[in-house]
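Student: Need the complex rebuilt from these two chains, each delivered in its own frame; the hints are there to steer you.
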Amino acid sequence: MPNRELVSKMTRSRGLAAVRLVSGLLAASMLVVACSSDDGGAESAGEPVTLTYWSWAPNIEKIVEVWNESHPDIQVRVNTSTGGDEIVAKLTAADQAGDLPDLSNTTYQDLPALIISEIAADVTDIMGDREDETAAPAWTMTTLDGVNYAVPQGTSPMFLFYRTDVFAEHGLPVPTTWEQYAQVARDLHAADPSVYLSTFPANDAQLFAGLAQQAGASWWSVDGEGGWSVDMNDDASRQVADFWEGLVAEDVVATMKTYTPEWQAALADGTLASMIGAVWTPPILANNAPDTVGSWAAVPLPQWDPADPASGVLGGSATIVTTGTDHPEEAREFALWLNTSDEALNAYIEHASIWPAALSGRELPELQGATALMPEQADFYRTAAQIDEVTVPVTWGPNVPAAFDSFTNHFSAAVSARSGFADALAQVQADTVADLERAGYEVSE
Amino acid sequence: MPATTSRRSSASLAPRTAPWLFVAPAVLLAAGLIALPLVYTLWLSLRGTQVSGSGLGVRREVFVGLDNYAHVLSDPALLAGLGRMLAYTLITVPVTMALALVFALLLDNTTTRLKRFSRIAIFVPYAVPGVIAALMWGFMYLPGVSPFTDAAGALGLPEPSFLGPVSVYFSVANVSVWGAVGFNMIILYTSLRGLPQEIYDAARIDGCSEVQLALRVKVPLIVPGLVMTGLFTIIGALQVFNEPNTLLTLTTSISTDWVPMMQVYRDAFVTNDLFSAAASSMVITGITLVASLGLLRVLQRRAFGED
Numbered sequence: 056m057p058n059r060e061l062v063s064k065m066t067r068s069r070g071l072a073a074v075r076l077v078s079g080l081l082a083a084s085m086l087v088v089a090c091s092s093d094d095g096g097a098e099s100a101g102e103p104v105t106l107t108y109w110s111w112a113p114n115i116e117k118i119v120e121v122w123n124e125s126h127p128d129i130q131v132r133v134n135t136s137t138g139g140d141e142i143v144a145k146l147t148a149a150d151q152a153g154d155l156p157d158l159s160n161t162t163y164q165d166l167p168a169l170i171i172s173e174i175a176a177d178v179t180d181i182m183g184d185r186e187d188e189t190a191a192p193a194w195t196m197t198t199l200d201g202v203n204y205a206v207p208q209g210t211s212p213m214f215l216f217y218r219t220d221v222f223a224e225h226g227l228p229v230p231t232t233w234e235q236y237a238q239v240a241r242d243l244h245a246a247d248p249s250v251y252l253s254t255f256p257a258n259d260a261q262l263f264a265g266l267a268q269q270a271g272a273s274w275w276s277v278d279g280e281g282g283w284s285v286d287m288n289d290d291a292s293r294q295v296a297d298f299w300e301g302l303v304a305e306d307v308v309a310t311m312k313t314y315t316p317e318w319q320a321a322l323a324d325g326t327l328a329s330m331i332g333a334v335w336t337p338p339i340l341a342n343n344a345p346d347t348v349g350s351w352a353a354v355p356l357p358q359w360d361p362a363d364p365a366s367g368v369l370g371g372s373a374t375i376v377t378t379g380t381d382h383p384e385e386a387r388e389f390a391l392w393l394n395t396s397d398e399a400l401n402a403y404i405e406h407a408s409i410w411p412a413a414l415s416g417r418e419l420p421e422l423q424g425a426t427a428l429m430p431e432q433a434d435f436y437r438t439a440a441q442i443d444e445v446t447v448p449v450t451w452g453p454n455v456p457a458a459f460d461s462f463t464n465h466f467s468a469a470v471s472a473r474s475g476f477a478d479a480l481a482q483v484q485a486d487t488v489a490d491l492e493r494a495g496y497e498v499s500e
Numbered sequence: 002m003p004a005t006t007s008r009r010s011s012a013s014l015a016p017r018t019a020p021w022l023f024v025a026p027a028v029l030l031a032a033g034l035i036a037l038p039l040v041y042t043l044w045l046s047l048r049g050t051q052v053s054g055s056g057l058g059v060r061r062e063v064f065v066g067l068d069n070y071a072h073v074l075s076d077p078a079l080l081a082g083l084g085r086m087l088a089y090t091l092i093t094v095p096v097t098m099a100l101a102l103v104f105a106l107l108l109d110n111t112t113t114r115l116k117r118f119s120r121i122a123i124f125v126p127y128a129v130p131g132v133i134a135a136l137m138w139g140f141m142y143l144p145g146v147s148p149f150t151d152a153a154g155a156l157g158l159p160e161p162s163f164l165g166p167v168s169v170y171f172s173v174a175n176v177s178v179w180g181a182v183g184f185n186m187i188i189l190y191t192s193l194r195g196l197p198q199e200i201y202d203a204a205r206i207d208g209c210s211e212v213q214l215a216l217r218v219k220v221p222l223i224v225p226g227l228v229m230t231g232l233f234t235i236i237g238a239l240q241v242f243n244e245p246n247t248l249l250t251l252t253t254s255i256s257t258d259w260v261p262m263m264q265v266y267r268d269a270f271v272t273n274d275l276f277s278a279a280a281s282s283m284v285i286t287g288i289t290l291v292a293s294l295g296l297l298r299v300l301q302r303r304a305f306g307e308d
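Protein chains in written order, with this note's numbering: chain A, 56 to 500; chain B, 2 to 308.
Derived from the structure by calculation, the hints contain no laboratory data.
Accuracy of the hints is not assured; some may be wrong.
Pairwise CB distance ranges (calculated) [unchecked claim]:
1. B:T286 - A:D184: 51 to 57 Å
2. B:P77 - A:S249: 37 to 43 Å
3. B:T286 - A:G183: 46 to 52 Å
4. B:A31 - A:S396: 17 to 23 Å
5. B:V59 - A:G183: 18 to 24 Å
6. A:D247 - B:T289: 36 to 42 Å
7. A:G495 - B:A31: 34 to 40 Å
8. B:L30 - A:E116: 48 to 54 Å
9. B:T286 - A:E492: 23 to 29 Å
Which bits of chain B does chain A cover? Going by a derived footprint, with three or more residues having C-beta under 8 Å, they are [unchecked claim]:
10. 144 to 150
11. 261 to 272
All C-beta atoms in this analysis are idealised placements derived from N, C-alpha and C, irrespective of residue type, glycine included.
So that you can see chain B by itself, here it is in the shape it has in the complex (with noise of 0.2 Å):
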């Protein structure tokens, strides 16, 4: 028809820029947000500072290649900073991942009471900031101002010791898996409640008890939620850094390089060493990388069944 000929020649540039403009929002973001700053890092990440001149000397940035990471990857600290990080990350992913369910599942069941109420106050620790819950949960641990330590003491008990040198990863992690359950708990309930009643009344008819059906029924279909908080859970974990360093003023369990980063935020705002902050970063920034993609890869294809 000739309307629509005229028509498609008038906009024959559009399909070719269209995709473009509704795509240049998201990429300008990413390159300015993402991109700029990595690019930067890189290039702080290979330089350094030189002292020349006689005297006290005079400190000047120059390039240095490699040598930051050298320095990095060979510095004891930042391997047991890992190790850390990996011990706190193996207690708080399953222990948050498992509360979750658990609590989206208690409060799908029709049985339960209080529904509203419960959801609630498991959602409330999510909305306090991270920092605020670590500074209150570490006036709890510590000795002098604890109440458990009172408590124990009116019952008789043995003072209770959150922060010794194993105790104070379980103390760590409680933080941040009291504020991180009630946000997964959240996402796996609204899962639940996406599912269609009348599989439920199937199973029930056949026989299958609350139990069953939650474990043989619910969970099976719900396994990509389960994914991607798990996924977050993970990535959480990795950065983990608000509950020490705000527990490291209250305690000598935790040094100012206890996790990865930590010592960056230590070399780069208290030590004044950026350039090793910035090889820090790059290595633990492709470290994550890494372990999630490659983590979401094999999820995929168990999950969805994707390629």
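Next comes chain A alone, as it looks inside the complex (with noise of 0.2 Å):
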């Protein structure tokens, strides 16, 4: 069953533009209509207060209705029709239409977009104290200045899925470092010309993303003079660009993007015979290649410096209350409850799937056991906390989905030349600081 995280990636696969339009549309239409319907506002004491939510998250109403049922004076109502990755631009939209919903789902990296144009409200007051409850990543994207903006919903600890029947068939071994794992992708081709151990996905500037952070690289901070800075052509991202130019050079990983038809055959058939993913991808595989069901195995990343192991942020969502809300501390509280209840979080597990940033929720006697695709791994959410442990913090900026755009436009256009991967990264940095500077930002390389 797909969670959050993989609802955003699966708006990109299916996200066939069509997709994209249809919901662009959608928007626009939903704009007409709400600026003409008339939300009251005032409603007098006793009257159940009605609260709007936008989210992408399938069977989010059954989750929903947990809440509607035991809050008669609370009632939810969920608007499921924008995309993850659509949403800054339809909250800005409705914020300038003055028609916000009272909470939405964001995305982690889609957050300070949203602090910045006064569309996340502060949510200090409910998750201030909690700090101790929530898993280190979800608490520092979700907290800026020493201000909470966001109730986080989970983490996302990336993770290497490779097939064990692969594996043993050519008697490779599992890589734990950056050096093997290039090793295993030239003995596998070599083995066997048809099969690549995995694709470079040019789409995919999140993944490429998680694992520059792996590396040490930090693109976007807020410096002392309160200006932004942006670093993305930095020694560790340049290090991790080069790694698989290499290999892409070498021909000895594929270049198909990601949640594309091709790519689902792919995985499928057996040409690829890993993915870097993350806690959220065993459905993901399940659903794309249920032949393979039984024959994965999840470890954590190769390390570059296996002393000293790290980990990226790859995914993520959590639920914001907006400064729209005539309701804010309704709103605060069903926020709190769709993410830290162990009556909502036993929800989520029900119908879709999750690994909560609620600590108490990680208790939860369905997240000790193994998953579906991998029925022997036992230790998956085990092994998750733990590569939470050392995931490193990460701060995104308030422009990550036109820095993502122009890693895929100059990315594309490197795999495709098989070379380049070093100034298709100064092309990104480039992008992206003059993209601060015209929304007005003072921008330090």
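Tutor: In structure tokens:
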């Protein structure tokens, strides 16, 4: 069952522009509808309050239903028409129209944009004292300048998923360093030219960002004087770019985009023998390659320095209370319930899937066992918790979509040419800085 | 006559108000659906964001004058996109028009068989939505799932590359040609059916072959139809979006700013820069308007002898 992170991915897969266009139109029409609907705002005491909540998670209605049944006075209406990758544009439009929902989901990387547009409201009231009860990576990404701006939903520890049967057939070791990973890629492709260890997908800037973070990159940071600094072309990012350029130039990894029919076929027919993913990946693999269920295993990412293990961030989402709500108290109460109560998290596990940011949720019985994809790997979630421990703190900037778009374009060209990864990275840095400056920021590089 | 006089005087206002009533629906629709959005887009294109305050700052909308236009017009990506759009147009328009004309002439030929079936078969792709068509062709282009790749492998031929740096233009054009030929063919075929049969009889009596009849008699007579379909095809090509934007998710050969319309969409809905998107929209609207009006002027003079 897909969870939110998965869906943000799936939006891109089916994301087949059609979906985007249709949801674009939907948003436009929603705007019109929203403008004409009368929110009232001033319900008299005793009348039930109705909150609107934007989310793209499948089956989210069923989880909200649990709340609605136990809270007759605070009814929540879910709107699932906005995809994860469009949330900033849609919320900005709704903000301009003066019709923000009361709550919305957001990916972690979009949160800064929502903060500076004054869409995400301060939720320090309910989150401020929960640091000890929240997984560290999620805490960092929802807190800026000591203020909590969202209730984190999950974290996304990164894993290397690999086909145990393919590795056994060719007698390959499971790589624990990137050097070994490259050697396995060479050996595997040499042993069977129709098989690749993995693909380097130019469309997945998020994946590259995660790998760069693992190597020590910090793409955005708030500098002392209150401006942003952007550092996407640093040594760590270049190291990661060079590493993959080498593998692409040697033709020992594939270059197909992920979440495409070609990629689905490659997973299903064994052309791809591994995948770098996160805790939310197993249901995706199980859905795309049902015949391979049971032949996968997951290990932490290979390391640059095994003595000092690190991991990056790949996805994850949180719930914001918007500045446009007339019922901030009720909205905050719901946001907290949705992401931290056993009741809601159990419903998530039943109807979707989740690796909760709320530490108490990780004790739920369903998160002690194995996943459907890897029935023999009982320690999957324990490993996930350990990876969270070594995940580096990440700060996303206010223009992540622009940076990721630039990444996709420049790395698409570089991948097609099988060279020029370093130039592409320099271009991404230049584009990202230019975009921030255009928005009126002081940027230091 | 007295009766007429009285009727005229009682309805003395009618001649002045009636025309306004007749044009009112059109004027209202044009104002509401064309003029208003255009003015709003113009307004947006003169706005931008400014960040103020310390720390993270707060983003506010401000008036920026022509900044967005300066940004858009100096953006090499837009120029590159226009170039790609032009290349695409140069492939699509002649191929679509030539195929549509050939099919229409063949269907109009008395000796052609299976006319009804052929007409429907050629027209059906037009009924397939552009996005679906692009997806369908996209599957056939992708090496991993393409039946052409399998077929080439079985025949021992080299693997065809549909999404290479050059072939991608033809692959994108192919999707829209496939969809557009049927529609244009039907219009041209209808024009041909509207011609009087006597002309053909006279030409045949004079010893005209079927090919000569088609080229020397039929084609010159349906020039107005050709002008109209040609213009629609050109405007369609200048607005190309669906096909490349759908293929974008499948291949690294298409960027998110591959053609200007994709750049507008990207700016408005992905990178959240509505103001640049508005400015690019105004620029593209200007180009399309000038191109189509200019073309229409030239063609009208040639084709219809109008001024």
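Student: Give me the numbers of the hints this structure contradicts, sorted from smallest to largest.
Tutor: Hint check: 4, 6, 8 fail, others pass.
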